[in-house]
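*Asks:* Take a look at the letters that make up each chain.
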Amino acid sequence: MAQETKSIEGMPQTTPGGGRLSRRGFVAGSALAGLAVGAMGGLAACTPKEQAAETQAAADADSKGNDEAKTTGYQYEAETSEGEWHHSACSRNCFDTCMIMSKVVDGRLVQVCGDKNNPYTAGGLCVKTQNYVDYVYREDRILYPMKRTGTKGPGCTFERISWDEAIKTITDTWKQIIEENGAEAITWFRYQGNQGAIHRRCLEPLFFKMGATYHEASMCNNGYVFSLPYTTGSITVMRAEDIANKDLYISWSHNPAAGSLHTMKFIKEMHKAGGKIAVVNPMRVPECEWADLHVQLLPGTDGAFAMGVAKYLIDEGKIDQAFIDEWSIGYEDYAKSVAEWSADKVAAECGIPAEQVAEFAELLWENRENACLKTGLQLGRRNNGGMSHISIKLLTGLIGHPECYFNMTSSGGYSTGAAANLDMFTETVPTEASDESTIRNYSSPALGKALTGVNYGEGHDFETNPIRSIMIFGGNPMVSNPNQNLVRKGLEREDLFTVVHDIFVTPTVEYADIVLPAPTFFEYEEFNGGYGHNYDCFNEKVIEPLGECKDNLELCNLLGQAMGYDDDVFNRTYDDMRAIFLDGKDYTYDDLVKNGWYDVEPKTWEAQLEEGFDTPSKKFQFASDELEADHDTRTVVYTPDPESKSQAPELFAKYPLALVNPSAKEFLNGVFGNMDDNNLLFSESYVYLNADDAKERGIADGDEVVVKNDRGTLSRIARIVEGLMAPGVACTYKSTWPAMTGVENVNCVTTDSQADFGRGVAFQSCLVEVAKA
Amino acid sequence: MSQMGFLLDQKYCIGCQTCQAACRARHGLTPGVYPRQATSSQIQAKGPYISLACNHCNNPACVDVCPTGAVQKREEDGLVVHDPEVCIGCYSCESACPYGAPQRNDQNDRMVKCDMCAARLDAGEDPACVAACPVKVLTVGTIEELEKQGGVAEGEGFTVEATDPNIRFIPMA
Numbered sequence: 019m020a021q022e023t024k025s026i027e028g029m030p031q032t033t034p035g036g037g038r039l040s041r042r043g044f045v046a047g048s049a050l051a052g053l054a055v056g057a058m059g060g061l062a063a064c065t066p067k068e069q070a071a072e073t074q075a076a077a078d079a080d081s082k083g084n085d086e087a088k089t090t091g092y093q094y095e096a097e098t099s100e101g102e103w104h105h106s107a108c109s110r111n112c113f114d115t116c117m118i119m120s121k122v123v124d125g126r127l128v129q130v131c132g133d134k135n136n137p138y139t140a141g142g143l144c145v146k147t148q149n150y151v152d153y154v155y156r157e158d159r160i161l162y163p164m165k166r167t168g169t170k171g172p173g174c175t176f177e178r179i180s181w182d183e184a185i186k187t188i189t190d191t192w193k194q195i196i197e198e199n200g201a202e203a204i205t206w207f208r209y210q211g212n213q214g215a216i217h218r219r220c221l222e223p224l225f226f227k228m229g230a231t232y233h234e235a236s237m238c239n240n241g242y243v244f245s246l247p248y249t250t251g252s253i254t255v256m257r258a259e260d261i262a263n264k265d266l267y268i269s270w271s272h273n274p275a276a277g278s279l280h281t282m283k284f285i286k287e288m289h290k291a292g293g294k295i296a297v298v299n300p301m302r303v304p305e306c307e308w309a310d311l312h313v314q315l316l317p318g319t320d321g322a323f324a325m326g327v328a329k330y331l332i333d334e335g336k337i338d339q340a341f342i343d344e345w346s347i348g349y350e351d352y353a354k355s356v357a358e359w360s361a362d363k364v365a366a367e368c369g370i371p372a373e374q375v376a377e378f379a380e381l382l383w384e385n386r387e388n389a390c391l392k393t394g395l396q397l398g399r400r401n402n403g404g405m406s407h408i409s410i411k412l413l414t415g416l417i418g419h420p421e422c423y424f425n426m427t428s429s430g431g432y433s434t435g436a437a438a439n440l441d442m443f444t445e446t447v448p449t450e451a452s453d454e455s456t457i458r459n460y461s462s463p464a465l466g467k468a469l470t471g472v473n474y475g476e477g478h479d480f481e482t483n484p485i486r487s488i489m490i491f492g493g494n495p496m497v498s499n500p501n502q503n504l505v506r507k508g509l510e511r512e513d514l515f516t517v518v519h520d521i522f523v524t525p526t527v528e529y530a531d532i533v534l535p536a537p538t539f540f541e542y543e544e545f546n547g548g549y550g551h552n553y554d555c556f557n558e559k560v561i562e563p564l565g566e567c568k569d570n571l572e573l574c575n576l577l578g579q580a581m582g583y584d585d586d587v588f589n590r591t592y593d594d595m596r597a598i599f600l601d602g603k604d605y606t607y608d609d610l611v612k613n614g615w616y617d618v619e620p621k622t623w624e625a626q627l628e629e630g631f632d633t634p635s636k637k638f639q640f641a642s643d644e645l646e647a648d649h650d651t652r653t654v655v656y657t658p659d660p661e662s663k664s665q666a667p668e669l670f671a672k673y674p675l676a677l678v679n680p681s682a683k684e685f686l687n688g689v690f691g692n693m694d695d696n697n698l699l700f701s702e703s704y705v706y707l708n709a710d711d712a713k714e715r716g717i718a719d720g721d722e723v724v725v726k727n728d729r730g731t732l733s734r735i736a737r738i739v740e741g742l743m744a745p746g747v748a749c750t751y752k753s754t755w756p757a758m759t760g761v762e763n764v765n766c767v768t769t770d771s772q773a774d775f776g777r778g779v780a781f782q783s784c785l786v787e788v789a790k791a
Numbered sequence: 196m197s198q199m200g201f202l203l204d205q206k207y208c209i210g211c212q213t214c215q216a217a218c219r220a221r222h223g224l225t226p227g228v229y230p231r232q233a234t235s236s237q238i239q240a241k242g243p244y245i246s247l248a249c250n251h252c253n254n255p256a257c258v259d260v261c262p263t264g265a266v267q268k269r270e271e272d273g274l275v276v277h278d279p280e281v282c283i284g285c286y287s288c289e290s291a292c293p294y295g296a297p298q299r300n301d302q303n304d305r306m307v308k309c310d311m312c313a314a315r316l317d318a319g320e321d322p323a324c325v326a327a328c329p330v331k332v333l334t335v336g337t338i339e340e341l342e343k344q345g346g347v348a349e350g351e352g353f354t355v356e357a358t359d360p361n362i363r364f365i366p367m368a
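Those protein sequences? They're chains A and B, same order as listed.
Using this note's numbering, you'd call the opening residue of the first sequence number 19 and step up by one each time.
Using this note's numbering, you'd call the opening residue of the second sequence number 196 and step up by one each time.
Just so you know, these hints were derived from the structure itself, not from any lab.
Hints are supplied without guarantee of correctness; some may be wrong.
Far from chain B by the CB rule (all over 10 Å, computed), these chain A residues [to be verified]:
#, residue
1, 122
2, 366
3, 563
4, 596
5, 657
Chain A regions said to be covered by chain B (calculated; three or more residues, Cβ under 8 Å) [claimed, not checked]:
#, segment
6, 89 to 95
7, 146 to 154
8, 271 to 285
Here a beta-carbon is modelled for each residue, glycine too, at the ideal position from N, C-alpha and C.
Construct the entire structure; sequences and hints are all you get.
*Replies:* Here it is as structure tokens:
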């Protein structure tokens, strides 16, 4: 037990060390303090007063023992002060996109909570964000522009500069690079650290104008998004709230208890009302506590399982022939392709009991009229991820209920094409149909290759004319990107001019030449749309930006104008952005400001059928010419992951464990890794092992171990819980910041290979070996 | 007096620890000081999970041992509340409590504990932990109400001590 805290008795002692709060967590806490001082050189600006804690600390010690004790309970200024409540929306890249109420007193944010009036957020924020007030006023906020004074990487030092100097340094450098090496020697990297509809991409016109090397942002759901057009196109999606009324909820490669906490209450309601739950996941996720069936398959074998289920349904005649006849094409091709997937073959490939194929198929068939088949995002983040998505989606056509498929909702609030001014980008970059490029480009997972001068094919020659400058915003690649050691090698280059716009000194900021201070979403106006719910959300600017923080819109104008560009897009105002977001919406700005969110009614299934599917044939496509043209097969086939026993036997001999690396409940991609609460609750960096695998390696629960492959090494603590992991599978969580945990981030071992669809990431294709340290 | 208590629907608690984080944030405590503590779905990895704070006992040992009367049991609702201005930070309560509920507040060297957010309750609001619970499995009410909802005195990993705690559990089965 850590000395700094006391445990509540009766709490089961669950950690290997017997302590619920890790010692390492506290050590790590001081590491962050060290980082803040070291990195900021004391120039991180005035720390706002810790007001929330103040009232308690200010208790008048002199009066103790003399007064009659008050029985009012603790009184806190944040609660007792008169203030105004405003609507905010969590701008993180998250299914739940919480609708937040923010209380402001005298220009200071003092309290946040979930919007009670919204049925999805329902008054509660998640475990990650209870400390948003602390987050805004943390000492390690970057409040001024800074330039590097020492070496790149951990131990870096910066000194404060003016905005004028920062903008001049950046644009002078860029102008010189463009003159000497052409604009393709410059690029950018962004992801969805800011998921807002406006600020997510509104900086990109700067790079379109320049003609910079194009960055295709593809870190999330490309396996799903790019597989869609072949089967159904965009399609009616139920409301998350409707899960409560289903008869069956299938959770496939998904863990809402970490990544979409607010849907758990609907799943609970469904189960309490007698609904059934089936989980398909290599890991025992919390939903398994309630599940009727847990198919604990080997990672990456989802396609084989889905095809086995299809064969069973076809063989048993449990298919909706009327739907297939009227609404589909390609059934014959599909039926032929799945025919080879007998239950025994599925069992061998997936490492599951053969009877689970029938059990799953029967559950799906019995409840087809009122089911929800939810697929998670990790499914697509592997070498065979796009095809896995297709194989699961096709089951819904077989049973005649494509509307039961639920990956993301479609409120549309997060669309950003106009904010990014995409019309300005007229070059050709790769698509599913063609690799042709008229401009050099890279997809997110290839960042390391792009920065280290690798030539990896047409349009991707980074050898001849190396990248000489990169601007990173809304992203933290030194935490989030695969093959991190290669990314590090790139960012370490002394001849790479790196600009990073961020809120905190992230592991990526440590490599910056120029650091620009970014505001939190409480400090600017934004619009959001959930992809796990159906609400468009308003995020009011509730406080002034701290220090000299500037948002992406302001930054786009400043940089664009300093580059000498006179296009309108470098003179946009907040009014312009409101107009862009509200274009085509059936509510007004005032409506949104007043209520904080707008319920975007999902299209009904009847309406969907009236207009047909959003595919070239207007049908549900079991097979298609398009799939054949782009991916050399008319219908779904199962191809084992290239990083697996059957496809890479020599690699497998060295690294026989499949490592999955999902989201922890405390972190979200590159975000929250510096937050103390989040790290304390996260506790140790574990690697979860199957009991037999551990025994074979002489590893006991709590042992220090090393996770290794040719890409890198991780130090971890072994955690062994009966039934948690499938045999041959290990798990460690992503998103940790090494300065806080004291150990490497999982992306030191993940691959930067490109997934089968959408040039997406393949984090989950990852063979490793685990040994005692 | 209508004694107030907590109710945990343990079967549906998912070990997310949102309650624990919400409690810490509400009290403005240093991260690491947690008047409410919950088991983690990532550490324990298998249910059932539990979330515990002060149990607002009928015979609170903390009240008995407090030398300054800083810990009081309220007449109207039985909440065990604490006045940091009267507390001298002797932590007698910490050792007396069979549930280890009192915590050390390093910001003022006084004890700090769950008071069921008495001030919020008095203002008609839910306690911070209850408001935050994303699965809606943690609630408060009078013991009569909680028992009417099926609450029983002992849960998985929780036994009744002599202090007679006011927490109820919806049984797992």
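*Asks:* Evaluate each hint against the coordinates.
*Replies:* Going down the list of hints, with the structure as the test:
no. : hint       : verdict
1   : 122        : holds, 17 Å
2   : 366        : holds, 28 Å
3   : 563        : holds, 23 Å
4   : 596        : holds, 31 Å
5   : 657        : holds, 32 Å
6   : 89 to 95   : holds (count 6)
7   : 146 to 154 : holds (count 4)
8   : 271 to 285 : holds (count 6)
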